[in-house]
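Visitor: Spelled out from the first residue to the last, the chains are:
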Amino acid sequence: MFNLSYKAQRYLILFGFLTIPVLLSLTFSYYPALSLLYYSFTDWTGLGWDMNWVGFDNYKEIFTRSDIFGAFKNNAYYFVGGLLQTALALFFAVILTSRLKGRNGFRAILFLPYVLHSVAIVIMFKNVYHAEYGSLNILLDSIGLTSWQQSWLGNPNIVNFSLAFISIWKYFGLSMVIFIGALQSIPSDIYEAAKIDGASGWQSFRFITVPSIRSVIELMMILTLTGALEAFDIPYIMMLGANGTNTFVSTTVDMAFKFQKAGLASAMSIVLLLIVAIVIVVQRKLLFREGK
Amino acid sequence: MERTNKAWTAAKYFFLLIAMFVVFFPIYSVVIGAFKTQIEYYQSGMALPNDWLNFDNFKRVFEVGQLGLGFKNILIILVISVAGNVVFGTMVAYALGRFDFKLRKPIMGMYLVAQIIPMITTQVATFSVIKYLGAYDSMAAPILLYLGADVLQIVIYLQFVNSIPRDLDESAMIEGASLFKIYRSIIFPLLAPATATLIIMKTINIYNDFYTAYLYMPSKELKVVSTAIYSFIGPNAAQLNVISAGILIIFIPTVVIFLFLQRFIFAGVTNGAVK
Numbered sequence: 137m138f139n140l141s142y143k144a145q146r147y148l149i150l151f152g153f154l155t156i157p158v159l160l161s162l163t164f165s166y167y168p169a170l171s172l173l174y175y176s177f178t179d180w181t182g183l184g185w186d187m188n189w190v191g192f193d194n195y196k197e198i199f200t201r202s203d204i205f206g207a208f209k210n211n212a213y214y215f216v217g218g219l220l221q222t223a224l225a226l227f228f229a230v231i232l233t234s235r236l237k238g239r240n241g242f243r244a245i246l247f248l249p250y251v252l253h254s255v256a257i258v259i260m261f262k263n264v265y266h267a268e269y270g271s272l273n274i275l276l277d278s279i280g281l282t283s284w285q286q287s288w289l290g291n292p293n294i295v296n297f298s299l300a301f302i303s304i305w306k307y308f309g310l311s312m313v314i315f316i317g318a319l320q321s322i323p324s325d326i327y328e329a330a331k332i333d334g335a336s337g338w339q340s341f342r343f344i345t346v347p348s349i350r351s352v353i354e355l356m357m358i359l360t361l362t363g364a365l366e367a368f369d370i371p372y373i374m375m376l377g378a379n380g381t382n383t384f385v386s387t388t389v390d391m392a393f394k395f396q397k398a399g400l401a402s403a404m405s406i407v408l409l410l411i412v413a414i415v416i417v418v419q420r421k422l423l424f425r426e427g428k
Numbered sequence: 004m005e006r007t008n009k010a011w012t013a014a015k016y017f018f019l020l021i022a023m024f025v026v027f028f029p030i031y032s033v034v035i036g037a038f039k040t041q042i043e044y045y046q047s048g049m050a051l052p053n054d055w056l057n058f059d060n061f062k063r064v065f066e067v068g069q070l071g072l073g074f075k076n077i078l079i080i081l082v083i084s085v086a087g088n089v090v091f092g093t094m095v096a097y098a099l100g101r102f103d104f105k106l107r108k109p110i111m112g113m114y115l116v117a118q119i120i121p122m123i124t125t126q127v128a129t130f131s132v133i134k135y136l137g138a139y140d141s142m143a144a145p146i147l148l149y150l151g152a153d154v155l156q157i158v159i160y161l162q163f164v165n166s167i168p169r170d171l172d173e174s175a176m177i178e179g180a181s182l183f184k185i186y187r188s189i190i191f192p193l194l195a196p197a198t199a200t201l202i203i204m205k206t207i208n209i210y211n212d213f214y215t216a217y218l219y220m221p222s223k224e225l226k227v228v229s230t231a232i233y234s235f236i237g238p239n240a241a242q243l244n245v246i247s248a249g250i251l252i253i254f255i256p257t258v259v260i261f262l263f264l265q266r267f268i269f270a271g272v273t274n275g276a277v278k
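Keeping their order, the protein sequence lines are chains B and V. Going letter by letter, the first sequence gives residues 137 to 428 in our numbering. Going letter by letter, the second sequence gives residues 4 to 278 in our numbering.
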């Protein structure tokens, strides 16, 4: 190697350093995505390699069967939950960037749920929500709110709220820490100047804070939306999709691996992929427009 | 003015206390539940356990839930995939950060676009790739899937590579160092802070991942922590007090990592958002 010219070394390095990573990405991201597109036009079962071309039948089925496309209705709970989470996260981020004793400790504690094991969290909430012995109902009873007790996972009107709350509980700290990072990058002399000019706390928030971290707020909204579209593990682990909690992705997974309809599941994946791509493109366009 | 400030400060602490209560309430009920006997669990509600030294539930969890096996398997997967990940990530960042070549932009774009593909739903097709490679139902499957660098990792590494002065490379070249030596002796060591952050983030993500192991390693001997605890629910569900002990044990590793290495995690999270 020492005798080679730097030009030859350059080729060696580029080839040697990039081949395997690029191959990994092609094999496990791009090839699956492209073959999904092909499978989506077939009646493939996922077992064996027999498949027949069926044209747009799978796509028609998605948009006409209410139990498939209608599953997005349940994703809406996670989206609303995500909006609430973003608002709360911003609120607490503002609190924790102000002068306050013990703010690093509070930040660490509120972030803690994000690092906890995701499956264990869901099972933990299964115990908390337990209708008879769950700690939530016991707590309500002990503070005299017995009438508020619910069958948190059994009542079909409530179950999706209960599940969306787990998502808020887990990801709230992450959003908050991201907001704190953004808020700390705003120079403090702007606030001091505003104070001298007689601006109230709310006015500084509205006219300094929000515009300064606008791009981060937008990013969080996009993450909320795509996260809600892809919501999967909480309903899947907790309920196995029972009791009207199926989201679009958990329906897709069931179609592919439970009902052996890999062709249909592929078409569903493509639909989701397109929706996510559209959301991101729209957001980028909006962002760039503001940049000008 | 002074009075409203004081009221506002009090309100801040009030809101923080509520948030802390919401965070700790479920965790508290798991902690006390883990030390209770079965009868005690169903009768004593939210009270503290009678005996904090009652480790029966923990013993049962390890016996029935095969948690020991789960920890061993996930450790093997973690060590191999995180090590490979760091090697590939730094190599890609060095190649993309230090050299200008035709495929540079396409490769960057490739990583960016790959990020928007929802990985869960493409598993239908990934599944057949893994099967074709003969990696199904072996540890090779998750390792292969975790090994590739992701866009976040490359972006963070690239920031660091770009902040290393090129003079260092050039003076090493004058002394006759090969490009590989420059990567190994200059770039790789100087990326250490980013590597620390990324190792921690990857470890937490892989440890928490349920779906990959669930789908690609159905064998009993290949249980990881996620799939081991998953078998606590469903038809063969364990008692709530035993489950609590399992949850507590599974929480501990990432909590310990978090407590000692907080600043790396916060650095990773904040860097990730600014991309």
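Hints in this document: simulated from the structure, not taken from any laboratory. Glycine included, C-beta positions come from ideal geometry on N, C-alpha and C. There's no promise every hint is true.
What the hints assert, rightly or not - Some chain B residues near chain V, calculated using beta-carbon distances under 8 Å: (1) T163; (2) S165; (3) F215; (4) F228; (5) S271; (6) I353; (7) M357; (8) I358.
Visitor: Decide, hint by hint, whether the structure agrees.
Guide: Against the structure, the hints come out as follows:
Checking T163 (chain B) against chain V by beta carbon gives a least distance of about 6 Å; that is within 8 Å, so the hint holds. Restraint check, S165 (chain B) versus chain V: the minimum CB separation of about 4 Å is within 8 Å; hint holds. Taking 8 Å as the C-beta cut-off, the interface hint given for F215 (chain B) is violated, the closest approach to chain V being about 15 Å. Contact between F228 (chain B) and chain V, as hinted, is supported at the beta carbon level, the nearest pair being about 6 Å apart and thus within 8 Å.
A hinted interface residue such as S271 (chain B) counts as satisfied when its beta carbon comes closer than 8 Å to some beta carbon of chain V; here the least separation is about 4 Å, so the hint holds. With 8 Å as the threshold, the beta carbon of I353 (chain B) stays out of range of chain V, its nearest partner Cβ sitting at about 11 Å, so the hint is violated. Violation of the interface hint for M357 (chain B) is found here, the shortest Cβ-Cβ separation to chain V being roughly 13 Å, above the 8 Å cut-off. Hint on I358 (chain B) is violated. Least Cβ distance to chain V is approximately 10 Å, over the 8 Å limit.
Comparing the model with each numbered hint stated earlier shows that hints 3, 6, 7, 8 do not hold.
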